[in-house]
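Visitor: Listed here are the chains, written in short residue letters.
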Amino acid sequence: MLSGQAASARPSFFNRGNVGDRAYVATLSALGGAVLIAAGLIIWELWKSAHVALETHPMQFIKGTDWDPVRESFGALPFIYGTLVSSAVSIFVAVPIALGLAIFLVEIAPPPMRPLVSFPLELLAGIPSVVYGLWGLFVMVPWLRGHLEPLLGATLGFLPLFQGPPLGLGYLAAGLILAVMILPTIGSVSIEVLKKVPVTLKDASLALGATKWEMVRTASLPYSRAGILGAIILGLGRALGETMAVTMVIGNSPEIHASLFAAGYSLPSVIANEFAEATSAMHTGALAALALILFGVTLLLNSIARLLVRAVGRSPARS
Amino acid sequence: MRQYPLRRVTNAVVMGLCVLALAVAVVPLVSVLWLVISQGVSGLSWSFFTALPSPVGEIGGGVGNAILGTFYIVGLACLIGLPFGIGAGVFLAERGDGPFGQAVRFIAEVLSGVPSIVIGVVAYGLVVVPMKRFSALAGAVALAILMMPTLARTTEDLVRLVPTTLREASLALGVAQWKTSLRVVLKTALGGILTGVLLAVSRAAGETAPLLFTSLNNQYWNFRPDQPTASLTVQIFNYAISPYEDWHQKAWAAALVLLMMVGLLNLASRLLARSRLQA
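Going down the list, the protein sequences come from chains G and A. Each residue of the first sequence is one higher than the one before, counting from 0 in numbering that gives the first Met the number 0. Each residue of the second sequence is one higher than the one before, counting from 0 in numbering that gives the first Met the number 0.
Because the hints were derived from the structure by calculation, they are not lab data. Note that beta-carbon positions come from the ideal geometry of N, C-alpha and C, so glycine has one too. Be aware that one or more of the hints could be misleading.
Coverage of chain A stretches by chain G, computed from C-beta distances (three or more under 8 Å per stretch; other residues unrestricted) [as the list claims (entries may be wrong)]: (1) 2-13; (2) 25-31; (3) 54-64; (4) 88-98; (5) 113-119; (6) 182-194; (7) 257-271.
My request is simple: use the sequences and hints to build the entire structure.
Guide: Take a look at the structure:
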């Protein structure tokens, strides 16, 4: 927050009496209230469209594995599973890289070199997701099919995760493209959090003879633990809701497979692919119910993440 | 305590891994930028910017209507979203310290993390269902809702940067408080707010998911807000998932156009921010 003291040090404005002042405050408050109204509108509108699908058997909807709009059979599990698996892969890949980047920038890089790290992160964050999807579809997927997946199958093939034919399109492709996309979020928030570690703490550690890594491990990381967890949850929230890039590389088949090489589906992808063509009220309702699930989960994750990041005493970064 | 040489080796290895992380992160970035430029540049021509899309197999054709459509939808979104977003931000900066302000701030933060596809579903229910057709307006409403929370937060931060002394000087001269807020505080913060607006616009121009089932797509020029409208991002998506080689080529070229648009907006906001810092 841009400090509460500055705000309270200001003279008290907008006394009653002056008509212009009162009108101005009323207008401002209405505009601020519009944010709350927008939030209410989102919830109301989602519920209005979704309740058809959720009213009868909500648990059956969530646990069902069969998705067949023609027979009006709607089960959300393949999409929930695909979303969770691809997001888990992305977190697994992106977190070590993002933390490495953040530690490099804050602890190792001399100040003139810092833009070398922050600039690529900003560029990555600025690329539209459909462009990532295009690149994923025509560059990353063939590479996975030809190189990475056969390699993983040959070395780690004893795990069920890496079995089956290397298709290219699938959970692994979705997870990797998501990892690239959430890297800037996790990286930049971690950088902000690590910068907040008091210099005295780090100096104390170094004075006791710790190497740089020992200083990071024993002083910086424990101090910023909550903030880094917040950064990871923010990244997870982004990964769960990311639509275009995932839709283009996950394979779009509503099935559940143990292997990461297999084609799957995700919550945002099925909404993107089927919503415009959904004709029956039940189909639209089921898709809106998926949107409602997605909304609920991301809302929860974001609230937690904001509180965690704020706990480290800084203004939360906008992702 | 372990031996010092061993500890130094561990240190060197971990620091090396951190540098490696940087290298790993840069690979996809360079690959994306290089491929979009190298694959896209051959497809660029004057007619690519001005012509309508051509059917499969036909030489020529462009994405003129999609470029115009993106400007059109984003422009409409600004008309709807900017007053609310900026207004809410000014509210947060000027009157946002009470419980109501705290609530607005928290909701704005949380809303900025809602997936854009969800906002698309909302805009579908709000605009497409009552109008009974896909339209540029529906896409604009979706983008406006997306813009609002982030714009509110950036505006708040920038308005709060205005020194209190400026405000006090104006008040001391007897200027009414609302006039001080509008003519002194907001006027000073204007450049900063513009930076935030440019960033919000560049983000909105890159959105695809909320447009898929709101503004849909259109093979022709469209200037009416109540008709389906092409957009660059949806066009890239459709070209990319098509089975045709020459459409893939067009997807790359259109992606290059999109990247240039988004990049220029970003650059403009950055230059603006820098010139303000120096002033």
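Visitor: Evaluate each hint against the coordinates.
Guide: Results of checking the hints against the structure:
1. 2-13: holds (count 5)
2. 25-31: Our answer is that it holds, as 5 residues pass the Cβ test (under 8 Å) against chain G, meeting three.
3. 54-64: It is violated: at least three residues are needed, and the segment 54-64 of chain A offers just 0 whose Cβ sits closer than 8 Å to chain G.
4. 88-98: Satisfied; 7 residues make the cut.
5. 113-119: Since 7 is at least three, the answer is holds.
6. 182-194: violated (count 0)
7. 257-271: Per the Cβ count (5), the hint holds.
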